[in-house]
Amino acid sequence: MFAQKKSFKDFYYPTVSKKDWKDYNWQLNNRIRNLEKLSSYIKIDKGALSKLGKFEKNLNFSITPYYLSLINPENEEDPIRKQCVPTLEEFETLEGESDPLGEKENMPVSGLIHKYPDRALILATNICPVYCRHCFRRGEWDKGENVASLQNLQLMFEYIKSKTSIKEVIISGGDPLFLSDFLLDFILRELRKIGNVEVIRIASRVPVVLPQRITKELSSILKKYSPIWFVTHFNHFNEITDESSKCVENLLLSKAIVLNQTVLLKGINDNSETIEKLFRALLKIGVKPYYLFECDPAKGVTHFRTSLFKGLEIMESLRGRVSGLAQPTFALDTQGGGKVPLLPNYVLSYKENSVLVRNYEGKIFEYQNPYRDKEFSAPLLPFEDKIKSGK
Numbered sequence: 001m002f003a004q005k006k007s008f009k010d011f012y013y014p015t016v017s018k019k020d021w022k023d024y025n026w027q028l029n030n031r032i033r034n035l036e037k038l039s040s041y042i043k044i045d046k047g048a049l050s051k052l053g054k055f056e057k058n059l060n061f062s063i064t065p066y067y068l069s070l071i072n073p074e075n076e077e078d079p080i081r082k083q084c085v086p087t088l089e090e091f092e093t094l095e096g097e098s099d100p101l102g103e104k105e106n107m108p109v110s111g112l113i114h115k116y117p118d119r120a121l122i123l124a125t126n127i128c129p130v131y132c133r134h135c136f137r138r139g140e141w142d143k144g145e146n147v148a149s150l151q152n153l154q155l156m157f158e159y160i161k162s163k164t165s166i167k168e169v170i171i172s173g174g175d176p177l178f179l180s181d182f183l184l185d186f187i188l189r190e191l192r193k194i195g196n197v198e199v200i201r202i203a204s205r206v207p208v209v210l211p212q213r214i215t216k217e218l219s220s221i222l223k224k225y226s227p228i229w230f231v232t233h234f235n236h237f238n239e240i241t242d243e244s245s246k247c248v249e250n251l252l253l254s255k256a257i258v259l260n261q262t263v264l265l266k267g268i269n270d271n272s273e274t275i276e277k278l279f280r281a282l283l284k285i286g287v288k289p290y291y292l293f294e295c296d297p298a299k300g301v302t303h304f305r306t307s308l309f310k311g312l313e314i315m316e317s318l319r320g321r322v323s324g325l326a327q328p329t330f331a332l333d334t335q336g337g338g339k340v341p342l343l344p345n346y347v348l349s350y351k352e353n354s355v356l357v358r359n360y361e362g363k364i365f366e367y368q369n370p371y372r373d374k375e376f377s378a379p380l381l382p383f384e385d386k387i388k389s390g391k
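Per this note's numbering, the sequence shown starts with residue 1, numbered consecutively.
Just so you know, these hints were derived from the structure itself, not from any lab.
Be a bit skeptical, because a hint or two may be false.
To be verified - Here are the simulated lysine-lysine pairs, DSBU-like style, with alpha carbons at most 30 Å apart:
| id | residue 1 | residue 2 |
| --- | --- | --- |
| 1 | Lys54 | Lys299 |
| 2 | Lys288 | Lys363 |
| 3 | Lys18 | Lys246 |
| 4 | Lys22 | Lys43 |
| 5 | Lys193 | Lys288 |
| 6 | Lys22 | Lys255 |
| 7 | Lys37 | Lys54 |
| 8 | Lys223 | Lys163 |
| 9 | Lys104 | Lys266 |
Stated by the list, open to error - Here are the in silico distance ranges between beta carbons for each label pair:
| id | residue 1 | residue 2 | range |
| --- | --- | --- | --- |
| 10 | Phe365 | Glu158 | 53 to 63 Å |
| 11 | Lys37 | Ser7 | 12 to 22 Å |
| 12 | Tyr367 | Val340 | 23 to 33 Å |
| 13 | Pro14 | Lys284 | 25 to 35 Å |
| 14 | Gly337 | Ser17 | 44 to 54 Å |
Quick caveat: nothing in here was measured; it's all calculated off a predicted structure.
In this text, a Cβ means the ideal position worked out from N, Cα and C, and glycines have one as well.
Work the whole structure out from these sequences, hints included.
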């Protein structure tokens, strides 16, 4: 019998005080990490449970009580459940890459990724409060839970300082907010000492899966090194709760700029209605939709992947119907080549002095082009020539 009328907390944790429930350490210490225990909270088919048990050593799953409370326990298609509860589909295909973004090829120092000239990314830990089943860094789960050592971090700082082209540093993982306040303060302090570092970004799913982590103490640390660009990861509007909204409010009060990256996931958010509702809800709490990503081709996530055309269809459906503030960049991440933005094609044809375009309603307009170089034909031709010549 699962929780119905009573709140999740009162049904499953009646002796736990509200103070403890709101304590992120309590949430972390009480994560659900084995299938048998998980089956006492949500409905899991006995046959599937038995088969999954054979892979339990390789599952590497973890769910905070808070995030688990968002799941409809009777619905196997629940969008929160599908993001955090392991399924047999993860083991039914060998397709995909262990390093789909080619990060290891761009790692001059262990744990530091330098793919773009002006940006570097610190893998501060491989631990997460909740392990997302669609994660493109799933390959890191097999290495055991670890946190970057002070010695390793110093090597990263020295490299960043030596490469003056690096203007922005992203602190990622795993989830960097799994680190202690002391270590986060240390990392931020050291980065602020490096003259060429102009922007610091934190990539964390804490507002979604462990909103209790943004404490007054952590807010003070973030404020001390402001502005911090904070990029989080809401995938469905059911993840926006009173707790997550309060978490975002605390981030904004710490002078952080809060953005969101959503991954397009089959059966979770791969339709216009869900994405629009999510993006509108994010704006309402002060979060700017930043990226909508095609799901990366990592091993074990094939069942989450959608067609690229589905993403383009969704982006086109947003145009003209929602504010530009609610429209992120739709992109895919290539192996070793970085992000490639994808846009619906609104330019239909080119003439010498005009272009033929269509708007969000499908209406066609001719737009006068002030560019009058008679030798100019179309901006796509040089690119097409390179493809044809193989250069």
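Hints, one by one, checked against the model:
1. Lys54 to Lys299: 18 Å, holds
2. Lys288 to Lys363: Since the Cα atoms of Lys288 and Lys363 sit roughly 29 Å apart, the hinted pair holds (cutoff 30 Å).
3. Lys18 to Lys246: Between Lys18 and Lys246 the Cα gap is close to 16 Å, so the pair holds against 30 Å.
4. Lys22 to Lys43: 26 Å, holds
5. Lys193 to Lys288: 29 Å, holds
6. Lys22 to Lys255: The given pair, whose Cα atoms are some 23 Å apart, holds under the 30 Å limit.
7. Lys37 to Lys54: 16 Å, holds
8. Lys223 to Lys163: 27 Å, holds
9. Lys104 to Lys266: 28 Å, holds
10. Phe365 to Glu158: 53 to 63 Å: About 55 Å separates the Cβ atoms of Phe365 and Glu158, which means 53 to 63 Å holds.
11. Lys37 to Ser7: 12 to 22 Å: The hinted range 12 to 22 Å holds for Lys37 and Ser7, with Cβ atoms some 20 Å apart.
12. Tyr367 to Val340: 23 to 33 Å: At roughly 26 Å between Cβ atoms, Val340 and Tyr367 fall inside 23 to 33 Å, so the hint holds.
13. Pro14 to Lys284: 25 to 35 Å: 33 Å, holds
14. Gly337 to Ser17: 44 to 54 Å: 51 Å Cβ-Cβ, so the 44 to 54 Å window holds.
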